[in-house]
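Position chain B relative to chain A; hints supplied.
In order, the protein sequences belong to chains A and B.
Reminder that position 142 of the first sequence reads as 142 in full-length UniProt numbering, one-by-one numbering, no gaps.
Reminder that position 218 of the second sequence reads as 218 in full-length UniProt numbering, one-by-one numbering, no gaps.
Keep in mind that the hints were calculated from the coordinates and are not lab data.
Heads up, a few of these hints could be off.
As the list claims (entries may be wrong) - For lysine to any residue, the following SDA-like pairs were computed, each having C-alpha atoms within a straight-line distance of at most 20 Å:
| # | chain 1 | residue 1 | chain 2 | residue 2 |
| --- | --- | --- | --- | --- |
| 1 | B | LYS221 | A | PRO183 |
| 2 | B | LYS135 | B | ALA214 |
| 3 | B | LYS170 | A | LYS135 |
| 4 | A | LYS170 | B | SER154 |
| 5 | A | LYS170 | B | GLN169 |
| 6 | A | LYS135 | A | PRO183 |
| 7 | A | LYS170 | B | ALA157 |
| 8 | B | LYS170 | A | ARG166 |
| 9 | B | LYS135 | B | GLU182 |
| 10 | A | LYS170 | B | GLU150 |
| 11 | B | LYS170 | A | ALA157 |
| 12 | A | LYS170 | A | ARG191 |
| 13 | A | LYS135 | A | GLU160 |
| 14 | B | LYS170 | A | GLU160 |
Claimed, not checked - Quick partial rundown of chain B residues pointing at chain A, CB under 7 Å, derived from the structure:
| # | residue |
| --- | --- |
| 15 | ASP11 |
| 16 | ALA17 |
| 17 | ALA41 |
| 18 | GLN42 |
| 19 | PRO46 |
| 20 | VAL47 |
| 21 | HIS51 |
| 22 | PHE62 |
| 23 | TRP101 |
| 24 | ALA107 |
| 25 | ILE108 |
| 26 | GLY111 |
| 27 | VAL164 |
Claimed, not checked - Pairwise CB distance ranges (calculated):
| # | chain 1 | residue 1 | chain 2 | residue 2 | range |
| --- | --- | --- | --- | --- | --- |
| 28 | A | ASP162 | B | TYR28 | 37 to 47 Å |
| 29 | B | ASP162 | A | GLU60 | 29 to 39 Å |
| 30 | A | GLU35 | B | GLU130 | 37 to 47 Å |
| 31 | A | ARG21 | B | ARG202 | 52 to 62 Å |
| 32 | B | GLN213 | A | PRO218 | 52 to 62 Å |
| 33 | B | PRO12 | A | GLU29 | 45 to 55 Å |
| 34 | A | THR33 | B | ALA195 | 49 to 59 Å |
| 35 | B | THR148 | A | LYS135 | 18 to 28 Å |
| 36 | B | ARG73 | A | SER196 | 21 to 31 Å |
Quick reminder that beta carbons are idealized off the backbone N, C-alpha and C, glycines included.
2 protein chains.
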Amino acid sequence: MHALIVHAHPDPNSFNAALTRAASTALYEAGHTVEISDLYAQGFTPVAGRHDFLDTLDAEHFHYQAEQLHAARSSGFAADLTREQARVHTADLLILQFPLWWGGAPAILKGWIDRVLAYGFAYIDGRRFETGLFKGKHALLGVTTGGTAERFSSGGAYGEIDIVLRPIQKLVLRYMGFQTHEPFVAYAAPRVDAASREAYLRQWQAHVVAVAQALPCPAPKEPLQPDAERDWRSRG
Amino acid sequence: MHALIVHAHPDPNSFNAALTRAASTALYEAGHTVEISDLYAQGFTPVAGRHDFLDTLDAEHFHYQAEQLHAARSSGFAADLTREQARVHTADLLILQFPLWWGGAPAILKGWIDRVLAYGFAYIDGRRFETGLFKGKHALLGVTTGGTAERFSSGGAYGEIDIVLRPIQKLVLRYMGFQTHEPFVAYAAPRVDAASREAYLRQWQAHVVAVAQALPCPAPKEPLQPDAERDWRSRG
Numbered sequence: 001m002h003a004l005i006v007h008a009h010p011d012p013n014s015f016n017a018a019l020t021r022a023a024s025t026a027l028y029e030a031g032h033t034v035e036i037s038d039l040y041a042q043g044f045t046p047v048a049g050r051h052d053f054l055d056t057l058d059a060e061h062f063h064y065q066a067e068q069l070h071a072a073r074s075s076g077f078a079a080d081l082t083r084e085q086a087r088v089h090t091a092d093l094l095i096l097q098f099p100l101w102w103g104g105a106p107a108i109l110k111g112w113i114d115r116v117l118a119y120g121f122a123y124i125d126g127r128r129f130e131t132g133l134f135k136g137k138h139a140l141l142g143v144t145t146g147g148t149a150e151r152f153s154s155g156g157a158y159g160e161i162d163i164v165l166r167p168i169q170k171l172v173l174r175y176m177g178f179q180t181h182e183p184f185v186a187y188a189a190p191r192v193d194a195a196s197r198e199a200y201l202r203q204w205q206a207h208v209v210a211v212a213q214a215l216p217c218p219a220p221k222e223p224l225q226p227d228a229e230r231d232w233r234s235r236g
Numbered sequence: 001m002h003a004l005i006v007h008a009h010p011d012p013n014s015f016n017a018a019l020t021r022a023a024s025t026a027l028y029e030a031g032h033t034v035e036i037s038d039l040y041a042q043g044f045t046p047v048a049g050r051h052d053f054l055d056t057l058d059a060e061h062f063h064y065q066a067e068q069l070h071a072a073r074s075s076g077f078a079a080d081l082t083r084e085q086a087r088v089h090t091a092d093l094l095i096l097q098f099p100l101w102w103g104g105a106p107a108i109l110k111g112w113i114d115r116v117l118a119y120g121f122a123y124i125d126g127r128r129f130e131t132g133l134f135k136g137k138h139a140l141l142g143v144t145t146g147g148t149a150e151r152f153s154s155g156g157a158y159g160e161i162d163i164v165l166r167p168i169q170k171l172v173l174r175y176m177g178f179q180t181h182e183p184f185v186a187y188a189a190p191r192v193d194a195a196s197r198e199a200y201l202r203q204w205q206a207h208v209v210a211v212a213q214a215l216p217c218p219a220p221k222e223p224l225q226p227d228a229e230r231d232w233r234s235r236g
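Excised from the complex, chain A in its bound form (with noise of 0.2 Å):
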């Protein structure tokens, strides 16, 4: 089983960073390969724009989807989008550790899933969900929290943790045929005491060994085929 963990954390030495080290040498251990992207060390451009395509389809009006499709079907993108691409494409486990912000993902890992999640890559028109392009390709979230569990339940201030990361969840991973797994959320991180911090780093471990172990034959990696049929016109 080949996992990429897509890691998306300003500081080395922080425990989003304690929290990939350990999923990656739990991962080996257990047999597996792993890669990393380390969206910061890499200096990733979140922005999307025409700096993603090696060329223009129209000049006059950007719509980025329709670029998107234009490159996937003239292998036109950008080399930082070509490289991130294959390590998808090639993974049978994408991992993505980050953490919360405004209850979200970091702007450079949103930069992340709109750049090189891309339309004619990721996703097409008619295939969503059960018929998603990444069918057979499973998912998995590494999150970190100020608040504590208490704040993200039913009854708490934030609301429960799958409404807040459903967004990511059901409107990216499902969306493009990812089987989800539970999540692995390190709730309120930076306040626990080291013994606390320990714990949550062998639950990690345990957790995405267990998610690996249970893969089934990874999915084959045929190259994608656009349709050419498709509509490209699917978002605003």
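This is chain B only, laid out in the frame that chain A set:
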């Protein structure tokens, strides 16, 4: 009443741009003032990092909120953040105009939220929701989607739009004390005909003007006085 429109679309010819122009025109004609932060036109950087700050509190360990608080107490934010924070500070009504990408804001807008709405400026521990720092300010979302209203209904494939927008409505805006208003959603914007788009523009103008006219007297604009006692470790 003074409004700030934070606009997040890469194409100046987009329907989002038309919505921002329509809202701005309608607010001016109703006697209000409007400032626009066009994030793409400004080349706004969404990546949170040490470049957010003029100096460094801790060179060893980058704790983003600790650096934010230090900057808030020492007028140490980088020029782009100082400019955007001044715009937020003087606005009675904050309007966020964006296309819904992957169930949320484009990365450039998420990064504006991550970086501009900094700890010590936009929120502090113990001041949330009803006691948030921006109590008295109002906020309104203008959103375009590729999906139809049916897909964003309770029985639809994507689920209720209120759930999709909850992280930004509740965990960003209401968390800081903004009073949120009914979001305007132009469903299936890329798919509808010209008459429907024209109708969307008129509906958006009527909505923003109705919200603006209903506002109470603008909130006073004292400079923020950070609380030296606060605990800054509020996020992972």
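Comparing the hints with the structure gives:
no. : hint                              : verdict
1   : B:LYS221 <-> A:PRO183             : violated (42 Å)
2   : B:LYS135 <-> B:ALA214             : holds (16 Å)
3   : B:LYS170 <-> A:LYS135             : violated (32 Å)
4   : A:LYS170 <-> B:SER154             : holds (14 Å)
5   : A:LYS170 <-> B:GLN169             : holds (19 Å)
6   : A:LYS135 <-> A:PRO183             : holds (19 Å)
7   : A:LYS170 <-> B:ALA157             : holds (10 Å)
8   : B:LYS170 <-> A:ARG166             : holds (14 Å)
9   : B:LYS135 <-> B:GLU182             : holds (18 Å)
10  : A:LYS170 <-> B:GLU150             : holds (17 Å)
11  : B:LYS170 <-> A:ALA157             : holds (10 Å)
12  : A:LYS170 <-> A:ARG191             : violated (29 Å)
13  : A:LYS135 <-> A:GLU160             : violated (27 Å)
14  : B:LYS170 <-> A:GLU160             : holds (12 Å)
15  : ASP11                             : holds (4 Å)
16  : ALA17                             : violated (11 Å)
17  : ALA41                             : violated (12 Å)
18  : GLN42                             : violated (11 Å)
19  : PRO46                             : holds (4 Å)
20  : VAL47                             : holds (5 Å)
21  : HIS51                             : violated (10 Å)
22  : PHE62                             : holds (4 Å)
23  : TRP101                            : holds (5 Å)
24  : ALA107                            : holds (3 Å)
25  : ILE108                            : holds (5 Å)
26  : GLY111                            : holds (3 Å)
27  : VAL164                            : holds (6 Å)
28  : A:ASP162 <-> B:TYR28: 37 to 47 Å  : holds (43 Å)
29  : B:ASP162 <-> A:GLU60: 29 to 39 Å  : holds (36 Å)
30  : A:GLU35 <-> B:GLU130: 37 to 47 Å  : holds (46 Å)
31  : A:ARG21 <-> B:ARG202: 52 to 62 Å  : holds (55 Å)
32  : B:GLN213 <-> A:PRO218: 52 to 62 Å : holds (59 Å)
33  : B:PRO12 <-> A:GLU29: 45 to 55 Å   : holds (52 Å)
34  : A:THR33 <-> B:ALA195: 49 to 59 Å  : holds (55 Å)
35  : B:THR148 <-> A:LYS135: 18 to 28 Å : holds (24 Å)
36  : B:ARG73 <-> A:SER196: 21 to 31 Å  : holds (30 Å)
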